[in-house]
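K.L.:
Given chain A, put chain B in place with the hints provided.
Protein chains in written order, with the working numbering: chain A, 1 to 171; chain B, 1 to 511.
Don't take each hint at face value.
As the list claims (entries may be wrong) - Straight-line distance between alpha carbons at most 27 Å, and here's what the computed BS3-like set of lysine-lysine pairs gives:
| # | chain 1 | residue 1 | chain 2 | residue 2 |
| --- | --- | --- | --- | --- |
| 1 | B | K148 | B | K135 |
| 2 | B | K508 | A | K159 |
| 3 | A | K17 | B | K371 |
| 4 | B | K301 | B | K148 |
| 5 | B | K278 | B | K150 |
| 6 | B | K278 | B | K153 |
| 7 | B | K148 | B | K191 |
| 8 | A | K161 | A | K26 |
| 9 | B | K191 | B | K371 |
| 10 | A | K17 | B | K488 |
| 11 | B | K191 | B | K339 |
| 12 | A | K81 | B | K488 |
| 13 | A | K161 | B | K508 |
| 14 | B | K148 | A | K17 |
| 15 | B | K347 | B | K302 |
If you're looking for bench data, these hints aren't it; they were derived computationally from the structure.
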Amino acid sequence: MNFENLEVHIDQLPDFKSVELNSVQKRYKKLIWINEGLVFILLFALPIVAFFFEPVPIWIPIVVLAILSFVLALRATEIEKGFPLRLFGIRQYDIIYQSGFFYFTETVIPYNRIQHVEIKQGPLSRFFNLYSLRLYTAGASSGDLIIDGLDKETAQKLKAKVLAKTTIIDE
Amino acid sequence: MSNIDFSIPRLQSFNGIFLIFFTDLIKRVRQNIFILAIPFFKKNLLQDYGTYIIIGLILLVVLQFVFSYLSYRKFKFSIQEDAFHLDQGVIKLSHVEIPFERIQNINLQQNLLQRFLNVVGFEIETAGEGTAEIKIKALDKDFAQSLKDKLIKEKERRDEDELQILDDESASDSKLDEPSERNEEPSLLFKLSFNTLLKVGISSNLFKGVGLLLAFLAYAYNFVRDFLTQIYDLNLEEDFKNRIPETLTFISILIFGVIFIGFFITVMTTVLKYYNLKITKNQENFEVEYGLFKRINKVIKKVKTQIFEIRTNPIKKLFKIKSIYVSQAASNQLSEKQKIGIVGVSKLNLDLLFRSLFNVDLSEQVYSVCKSQARLFFRYFYQRLAIIVILSLMAYAFYFNWVSGVGIFLLLLIFIFLSILKVKKSSIGINSTFINVRSGSIETIHKLIEIHKLQSVKLSRNIFQQYNGHADLILETASGSLNVEYLKVEEARKILNYLIYKVESTNKDWI
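The shape of chain A in the complex, shown without the other chains (with noise of 0.2 Å):
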């Protein structure tokens, strides 16, 4: 691998692992968990019933109930392990996102190809008192960046600042 051809000098480029991030609200790990937590007891509660339930053999609840809690296992370990992970930073140019414990995603989106962007509270997350903020780009929605788990303020800084950059560039 050799960059020779580039009229830059890929060394010298800014590099995006160098930008101090910041980390989302601390609350918002309570509310994957409830999130969570209601999903898991309607999962769970399916095989415990077929438990009382003559027909079905026994085998089966027991299966499934031993591989729910391998998922719940996993998904508990993504959550706690994640979580610190979820950080965002912003730069000059564009902002940075990155998440997850098992798939570990770090995204770049540049300001200038910024379509819109939507400040959204879920009724769960308006009990928390938290907001999401959710950047458009051209394109399938998998373009698309979502930061979950901020508090008013930030979100509303991050879009007009993500907003005032994009008009510039529009103009």
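P.N.:
Using the frame of chain A, we list chain B on its own:
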């Protein structure tokens, strides 16, 4: 032609009633095809309820006709001052308005039925968050053409107004080149001869045809078996199982037959699909037209082009032809069908097309190449292994003998070979304007993207990659994402830094 008043709300061509009726009818039949299976479950159905069934069917068809007629009557479109207006819906009414400046492409096409009824289909594509695409099923050919011309004219007038405002501020916009070239006449750029088309058919992936044939055979087999077991009380499967050793020759003949007919089907479908492929250059855009029964007319817009794909395989290399697939900006991940395919292109034509789309020479592009690491093999291998395991389990349960054993072992070898090829071909090359993503196993696919058309860049590392220092580089564009797997993490990071720097330092827009 241009003195038609488009501002009055209009209906589709009269033949549209029949077109809508037949297409709806075909749709209904397709949705309810499983009803055909009912006679197998209930004997004497036709004798007992025959008249009722026939009356019911006739009623349904009449109802469908009434519904189709109503939807024809309610479908009205017109051009008002600022936009294209469309009203439709029998029960749920809807009104769509498309401002001229949001119109991206206008496609005219004709399928077999439309050809028979002497009408054309009219499609308006827009780019934006909502997919407000408009499809008019049946218009007179002349009318459709003048409607298209009218819309394009209106759109151009809008764009010009906009440009005049922009004129004072920036000079380096690519759109500004347009007015100077506006007077250019449409010119034929490329026409596919029948000979080359045959070559394209021969060099196409014959497994598509084989797959089609196998699906059909499986369906037919099930159908016949159900039929026979119902009537003659004969168990085909048991019979077949007992005779396996003696029918080995029969099986090998069958396999060859399937491959041969599959090959034939592939050639046929390719020839039908791309019959008389033509590209005409019209100002900054390219009109692509192809198809025998279903004539498709698509427009490649220079500014809307996102991914330029070049595909070859060993047979194509022998014939010295390549296929090009152009992806344009859309609001979803583009499927293979949505890509605009130009097949059977010689190197000369490829260079010409590339040059007219990107204003630079393809042969002058030199890339710094970064290859996927060998560990990628295991990812493909484990994925294929899952298939092998499932097949083995099935073989163990049903046909446990040396034939299935050898078959599965051969399949494993083929999978390993293909995985190795895939890893070897996977790479990313970059230079100051382009990204070249290479992939494929037997086929070789080059995907070229201008760097300034990137939307965002991601690095993704699963738990294993985090330990062994690899990363997948994901490039998001307005027509879907591209994934370069298993790069060394430092190199992937450097590429990301470079690409982001290029996107941020350019004033070119992605569309």
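K.L.:
None of the hints should be skipped; say for each whether it holds.
P.N.:
We went through each hint and held it up to the structure:
| no. | hint | verdict |
| --- | --- | --- |
| 1 | B:K148 with B:K135 | 13 Å, holds |
| 2 | B:K508 with A:K159 | 24 Å, holds |
| 3 | A:K17 with B:K371 | 22 Å, holds |
| 4 | B:K301 with B:K148 | 16 Å, holds |
| 5 | B:K278 with B:K150 | 24 Å, holds |
| 6 | B:K278 with B:K153 | 24 Å, holds |
| 7 | B:K148 with B:K191 | 24 Å, holds |
| 8 | A:K161 with A:K26 | 23 Å, holds |
| 9 | B:K191 with B:K371 | 36 Å, violated |
| 10 | A:K17 with B:K488 | 16 Å, holds |
| 11 | B:K191 with B:K339 | 19 Å, holds |
| 12 | A:K81 with B:K488 | 24 Å, holds |
| 13 | A:K161 with B:K508 | 21 Å, holds |
| 14 | B:K148 with A:K17 | 51 Å, violated |
| 15 | B:K347 with B:K302 | 20 Å, holds |
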